[in-house]
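A.B. asks: Spelled out, the chains give:
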Amino acid sequence: MALYYTEDQAMLADSVTGFMADEGGIKKQLRHWRDTNCKDGFGHGLWKQFAEMGLTGMLAAEADGGLAMGHVEAGIVLAEIGRNLTPSPFLTTAVMGVTALSEASDELRGRWLPGVIAGETVLAMAIDEGAKHRPDKIACRAERAGNGFRLTGAKGFVIHGTSADALIVAARTSGSDSDADGVTLFAVPKDAAGIGHTAVRLVDSAMASHVRFDGVELDGSSVIGEVDGGRAVLNKVLSAGRIGAAAEQTGVGSGAFAMTTTYLKTRKQFGKLIGEFQALQHRAAHLYSELEIAEAVVIKAQQLLDGGSERAELMVSVAKAKAARACNLAVREGVQMHGGVGMTDEYDIGLYMKRERALTEFMGDANYHAERVAQLSGY
Amino acid sequence: MSDLESFRAEIRAWIEANCPEEMRRPVQDEGDICWGGRNFVFKSEAQKQWMEVCAAKGYTVPDWPVAYGGAGMDPAQAKIWREEMARAGARPPLSSFGIWMLGPALLKFGTEEQKVHYLGQVARGEIRWCQGYSEPGSGSDLVSLQTFGEDKGDHWVVNGQKIWTSYADKADWIFCLVRTDKANTYQGISFLLFDMTTPGVTTKPIKLISGSSPFCETFFDNVEVPKSQIVGQLNRGWDVAKYLLGHEREMISGAGGGEQTSTIGKVLTRNGLDDPMLRAELAQFDIDALSFAAMGEKFLDEIKVGKAHPAQPNMMKYAGTELNKRRHELLMAAGGSTALEWDSAETRGGAPARSWLRTKANSIEGGTSEVMLNVVAKRILELPGA
Numbered sequence: 001m002a003l004y005y006t007e008d009q010a011m012l013a014d015s016v017t018g019f020m021a022d023e024g025g026i027k028k029q030l031r032h033w034r035d036t037n038c039k040d041g042f043g044h045g046l047w048k049q050f051a052e053m054g055l056t057g058m059l060a061a062e063a064d065g066g067l068a069m070g071h072v073e074a075g076i077v078l079a080e081i082g083r084n085l086t087p088s089p090f091l092t093t094a095v096m097g098v099t100a101l102s103e104a105s106d107e108l109r110g111r112w113l114p115g116v117i118a119g120e121t122v123l124a125m126a127i128d129e130g131a132k133h134r135p136d137k138i139a140c141r142a143e144r145a146g147n148g149f150r151l152t153g154a155k156g157f158v159i160h161g162t163s164a165d166a167l168i169v170a171a172r173t174s175g176s177d178s179d180a181d182g183v184t185l186f187a188v189p190k191d192a193a194g195i196g197h198t199a200v201r202l203v204d205s206a207m208a209s210h211v212r213f214d215g216v217e218l219d220g221s222s223v224i225g226e227v228d229g230g231r232a233v234l235n236k237v238l239s240a241g242r243i244g245a246a247a248e249q250t251g252v253g254s255g256a257f258a259m260t261t262t263y264l265k266t267r268k269q270f271g272k273l274i275g276e277f278q279a280l281q282h283r284a285a286h287l288y289s290e291l292e293i294a295e296a297v298v299i300k301a302q303q304l305l306d307g308g309s310e311r312a313e314l315m316v317s318v319a320k321a322k323a324a325r326a327c328n329l330a331v332r333e334g335v336q337m338h339g340g341v342g343m344t345d346e347y348d349i350g351l352y353m354k355r356e357r358a359l360t361e362f363m364g365d366a367n368y369h370a371e372r373v374a375q376l377s378g379y
Numbered sequence: 001m002s003d004l005e006s007f008r009a010e011i012r013a014w015i016e017a018n019c020p021e022e023m024r025r026p027v028q029d030e031g032d033i034c035w036g037g038r039n040f041v042f043k044s045e046a047q048k049q050w051m052e053v054c055a056a057k058g059y060t061v062p063d064w065p066v067a068y069g070g071a072g073m074d075p076a077q078a079k080i081w082r083e084e085m086a087r088a089g090a091r092p093p094l095s096s097f098g099i100w101m102l103g104p105a106l107l108k109f110g111t112e113e114q115k116v117h118y119l120g121q122v123a124r125g126e127i128r129w130c131q132g133y134s135e136p137g138s139g140s141d142l143v144s145l146q147t148f149g150e151d152k153g154d155h156w157v158v159n160g161q162k163i164w165t166s167y168a169d170k171a172d173w174i175f176c177l178v179r180t181d182k183a184n185t186y187q188g189i190s191f192l193l194f195d196m197t198t199p200g201v202t203t204k205p206i207k208l209i210s211g212s213s214p215f216c217e218t219f220f221d222n223v224e225v226p227k228s229q230i231v232g233q234l235n236r237g238w239d240v241a242k243y244l245l246g247h248e249r250e251m252i253s254g255a256g257g258g259e260q261t262s263t264i265g266k267v268l269t270r271n272g273l274d275d276p277m278l279r280a281e282l283a284q285f286d287i288d289a290l291s292f293a294a295m296g297e298k299f300l301d302e303i304k305v306g307k308a309h310p311a312q313p314n315m316m317k318y319a320g321t322e323l324n325k326r327r328h329e330l331l332m333a334a335g336g337s338t339a340l341e342w343d344s345a346e347t348r349g350g351a352p353a354r355s356w357l358r359t360k361a362n363s364i365e366g367g368t369s370e371v372m373l374n375v376v377a378k379r380i381l382e383l384p385g386a
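If you read the protein sequences in the order shown, they are chains A and B.
For the first sequence, my numbering assigns the number 1 to the initial residue and increments by one for each residue that follows.
For the second sequence, my numbering assigns the number 1 to the initial residue and increments by one for each residue that follows.
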């Protein structure tokens, strides 16, 4: 398969690019919700518009009312979200949440997917338990109680946690904290008794939650997939989240780079456009090269994931690490090359830097994925 | 089964049936590369046989037209060919500057007669070419070249000197940039082809820090070149040269799956090293190598259908060669003091150290990294005054 968009994908990219620039722009969305101290950190109206554009059900099966597209298509949307720093629950809901629910019973899919596809339901992922992404270790416990389970423990970095209609929770149903087996995924409704949230605003103005489960009673129907067999589903969700975050990062990097090259062509010092200085030209050209390479490996990993390749897991980690490094370089060079104004809140370049930092941390940073690459490669 | 699937099955079966076992082992050193040419000495019968069966089917240049010795594959088929060759671990049947550099230039600028004649020879491995570009005073500033061809009616008389001519001492013919108008810098250069056995051509190998001599100085003393042996128009050789440089840069970048794209982390376990810092560096390298492999694949896919930016080979050359230098720095670190041995049997005559040193030329030859960044800044990013 060629590593560029098919005609259908190119058409999708065209329409999403226009839509996101018009409706999801920084002033209209990110700055608006940030400056009005919105408790969600994103607009429900835009989420509804995502649904009208057919984006919310991209990954859902046709039988569930979705479009049965793949990660290449979801990545097209995420790159534009990244470029415009558009706050939305797309990644946690339409990508990770739908990936999880696709493995669930008819009943569970019927309960949550129609709302997601209609742009009325938001899902959040409760996976991480510490400050760093370490999904191999899951301590949050769901013990059998009557016909169901009782959930106890804590989760952190739950993006959109307080806005979500349901939390997808990875919990331990048997074994010890670091066992691969014995993990089960649950869809936990927001109004279940015993859930406590501490909402926190993050550096990129997204709202996250520290969630406590204090003996939350769940019936058996909230289990996604098999009891104790949740690791396989979790791995799919993680891959979807990682490649999605990588795609969004290529958009963030490319958006920051576009701002920066524009600045190099307009700002004058010493009587010259600063883009005339070779020191800056070479750094900009190097950055271009890194961003191109990151985009290439992201689409490669997306295609492998969509094709069910056995190399997909490795290449998703490669892509997540590479996208993080390239995007990080783009925002650092972006602020530096903007000089003083790059430090001001008025200029958008700093917003790119903040988003990059949050996306890098989400679903594992570059070092985490480098470690995985070494392990998966056998050294 | 779709057309492409049956094509894949056909190619897979053909490689399976025709590629000798010996040609499926990784290339170890220079001697394993089949360059072809009048004076080429095949290392083994298998190497000769593999080149010949491929040439007979047009598989030495699969995407060239059948009339010029190729197999006429379209981009999707050529990609399948590369994938199936990689899958079988098959070595390229023939490597040559004729395939990578002259061929694409002739396909674009050559006359029909030149295409049939020269491309056929290249495809069959009959003629080995070298490239006469750089001169002692014209490196990065190539357009200042001084080698001059004086008009003598039906031929030119060429005088001057080239340097860094790869394998000039082994090549049969040269494609050469010659000044044919001293009054015009860019539009005063012609692209000439001539036989290295023409009277007045001499070569002298240059010994490198790696100890080997892939490059030569090449001298022209009243060399007569018939006027039929020009490619493109008189004084417009710079257009041909630039086009060809794009292909050279693509080749040096390793976009087609060269050494640069393979991972090296396993050297850690192979050498029994317990070195967490090196392990981290190797993992970072492997991430970059696998990412660059995807970039190479994407670049080739895009260039075949005209989606790639025309200056993109400069980016590929920059990234690929810088990556390759890093790869050999890490391999030297992983080899420790053993990798320092210059002529021991254990190191196959100092192969790690010699390869490491040789890679330092990667970011100089075919346009330095700094020139590549200049070109990207100017032509792709369109930065001012660049």
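Hints may be right or wrong, so weigh each one.
Cβ-to-Cβ under 7 angstroms is the rule here; a few derived chain A residues that face chain B [as the list claims (entries may be wrong)]:
(1) A2
(2) Y5
(3) R31
(4) S178
(5) A180
(6) D181
(7) G271
(8) G275
(9) A279
(10) A285
(11) S289
(12) I293
(13) V297
(14) Q375
(15) L376
(16) Y379
Quick caveat, the hints were computed from the structure, so don't treat them as lab data.
Just so you know, these numbers come straight off a predicted model, no measurement behind them.
Built from N, CA and C at the ideal position, the CB exists for glycine as well.
A.B. asks: Now look at each hint and say whether the structure bears it out.
C.D. replies: Now for the hints, and whether the structure bears them out:
1. A2: Because about 4 angstroms separates A2 (chain A) from the closest Cβ in chain B, which is inside the 7 angstroms limit, the hint holds.
2. Y5: Where the cut-off is 7 angstroms and the nearest Cβ of chain B is about 10 angstroms from Y5 (chain A), the hint is violated.
3. R31: violated (28 angstroms)
4. S178: Where the cut-off is 7 angstroms and the nearest Cβ of chain B is about 21 angstroms from S178 (chain A), the hint is violated.
5. A180: violated (22 angstroms)
6. D181: violated (27 angstroms)
7. G271: violated (12 angstroms)
8. G275: holds (4 angstroms)
9. A279: Because about 11 angstroms separates A279 (chain A) from the closest Cβ in chain B, which is outside the 7 angstroms limit, the hint is violated.
10. A285: Since the shortest Cβ distance to chain B is 4 angstroms, the answer is holds.
11. S289: holds (5 angstroms)
12. I293: holds (5 angstroms)
13. V297: At 4 angstroms from the nearest chain B Cβ, V297 (chain A) passes the 7 angstroms test, so the hint holds.
14. Q375: Not OK, violated: Q375 (chain A) not within 7 angstroms of chain B, min 9 angstroms.
15. L376: Interface hint status for L376 (chain A): violated (10 angstroms vs cutoff 7 angstroms).
16. Y379: holds (5 angstroms)
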